[in-house]
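**Q** Chain by chain, the residues run as shown.
Number of protein chains: 2
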Amino acid sequence: MAKSKPRGRTKKAKKLARKIRPAIKARRRATAVRKRPAPKLPAFDPMTLEPRIGSGYPKPFSDRVGRREKRRLGDVAGLTQFGVNLVMLPPGCESSMRHWHRNEDELVYVLSGEVVLVTDEGEQVLGPGMAAGFPAGKPNGHHLINRTRRPATYLEVGTRWPGGDEADYSDIDMLVRIIDGKERFVHKDGTPY
Amino acid sequence: MAKSKPRGRTKKAKKLARKIRPAIKARRRATAVRKRPAPKLPAFDPMTLEPRIGSGYPKPFSDRVGRREKRRLGDVAGLTQFGVNLVMLPPGCESSMRHWHRNEDELVYVLSGEVVLVTDEGEQVLGPGMAAGFPAGKPNGHHLINRTRRPATYLEVGTRWPGGDEADYSDIDMLVRIIDGKERFVHKDGTPY
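Chains as they are written, first to last, in this note's numbering: chain B, 1 to 193; chain F, 1001 to 1193.
Chain B extracted, bound-state conformation (with noise of 0.2 Å):
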């Protein structure tokens, strides 16, 4: 059958459907899903990875951060020297609490949405496109916050150091220490959690 012509559009009509063109061509291309064939390893999509939910953090702080969910990219391809996971921060939530590694640089680069980010210099909105970094055993605190009412997704990319990594919180009253060859938990006097 042949598409019945829009009749009887005043000029106006007219012009103002020429006027919005543009956007919703716009509009099309943003949401138009390009079919491609699945990608075979060593290419993924990021997406169809399960996501982990959830924190070993102990109690209360876990409830800040424990909606986050991230897909581990590097594992995924059989990387062993650095991790690289793509999260996704819901709103009101933490990306950890605010810490510095003793061993393992750091480096967020967000993807979309908004984060404020929590340093010694004070607090900064990172959008789209925008970095920040965190070279090893540099005594600065930082994490992300997402404060909007929008999810915000960034890719975090760390080293993975051999027999693994101590922290320090700028905040709490908490550290992770190795003991006996594993990552704990302790409070600043050393109890542990």
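Some clues are possibly wrong.
Covered stretches of chain F, going by a simulated chain B footprint (3 or more residues, C-beta under 8 Å) [unchecked claim]:
id : region
1  : 1018-1025
2  : 1045-1056
3  : 1060-1069
4  : 1076-1089
5  : 1184-1191
Covered stretches of chain F (chain B as the covering partner; in silico rule of three or more C-beta atoms under 8 Å from a C-beta of chain B) [stated by the list, open to error]:
id : region
6  : 1122-1128
7  : 1165-1171
Lysine-lysine pairs mimicking DSBU-like chemistry, simulated, CA-CA at most 30 Å apart [as the list claims (entries may be wrong)]:
id : chain 1 : residue 1 : chain 2 : residue 2
8  : B       : 138       : B       : 70
9  : F       : 1059      : F       : 1070
10 : B       : 15        : F       : 1011
11 : B       : 15        : F       : 1059
12 : F       : 1025      : B       : 12
13 : B       : 70        : F       : 1070
14 : B       : 188       : B       : 70
By construction, these hints were calculated from the structure, which means they are not laboratory data.
Quick reminder that beta carbons are idealized off the backbone N, C-alpha and C, glycines included.
With chain B held as given, fit chain F onto it using these hints.
**A** For chain F alone, coordinates are given in the frame of chain B:
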């Protein structure tokens, strides 16, 4: 002054206007420039970094990759254990000659545009949000080619192996070998370029 109200619009024009409102809003959101203060370290805007253009490859291979632009995100943050580059691959350009690393893990994450990943598995098209990873020592040569008419951007992450790294090139008579403590391009019979 009060805004002048639209007058004399027909019902059809109003209906059309209602219909396309989401598209117009979406476009406004997509093209809006958010005013934010310039970030300060440890946060930064990767696009403000001076790109490295060109290649250390010998001729004629340098011509195939020379127009790529690399911005070194890890370096500006003071990281030493791994590198993170924001790479812009112009139309027709290759990321590297097809290669694999002896010591260093590698991972790419596509941000915009479209690239072709070439490995022993063949060719695959990777669009935004797709990733691929290459463990150290696995002899599966890989590289990316931009066969489209638009620039493509991606993040590449690679370990910084103390003492440097060696690489094997799959399709050409070239290797990287550490000679007198430095990475050198040599032919497969060992003679230098």
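**Q** Against this structure, judge whether each hint is valid.
**A** Structure-based check of each hint:
no.: 1; hint: 1018-1025; result: holds (count 4)
no.: 2; hint: 1045-1056; result: holds (count 3)
no.: 3; hint: 1060-1069; result: violated (count 0)
no.: 4; hint: 1076-1089; result: holds (count 8)
no.: 5; hint: 1184-1191; result: violated (count 0)
no.: 6; hint: 1122-1128; result: holds (count 4)
no.: 7; hint: 1165-1171; result: violated (count 0)
no.: 8; hint: 138(B) / 70(B); result: holds, 25 Å
no.: 9; hint: 1059(F) / 1070(F); result: holds, 20 Å
no.: 10; hint: 15(B) / 1011(F); result: holds, 15 Å
no.: 11; hint: 15(B) / 1059(F); result: violated, 56 Å
no.: 12; hint: 1025(F) / 12(B); result: holds, 21 Å
no.: 13; hint: 70(B) / 1070(F); result: holds, 27 Å
no.: 14; hint: 188(B) / 70(B); result: holds, 28 Å
In summary, the numbered hints that this structure violates are 3, 5, 7 and 11.
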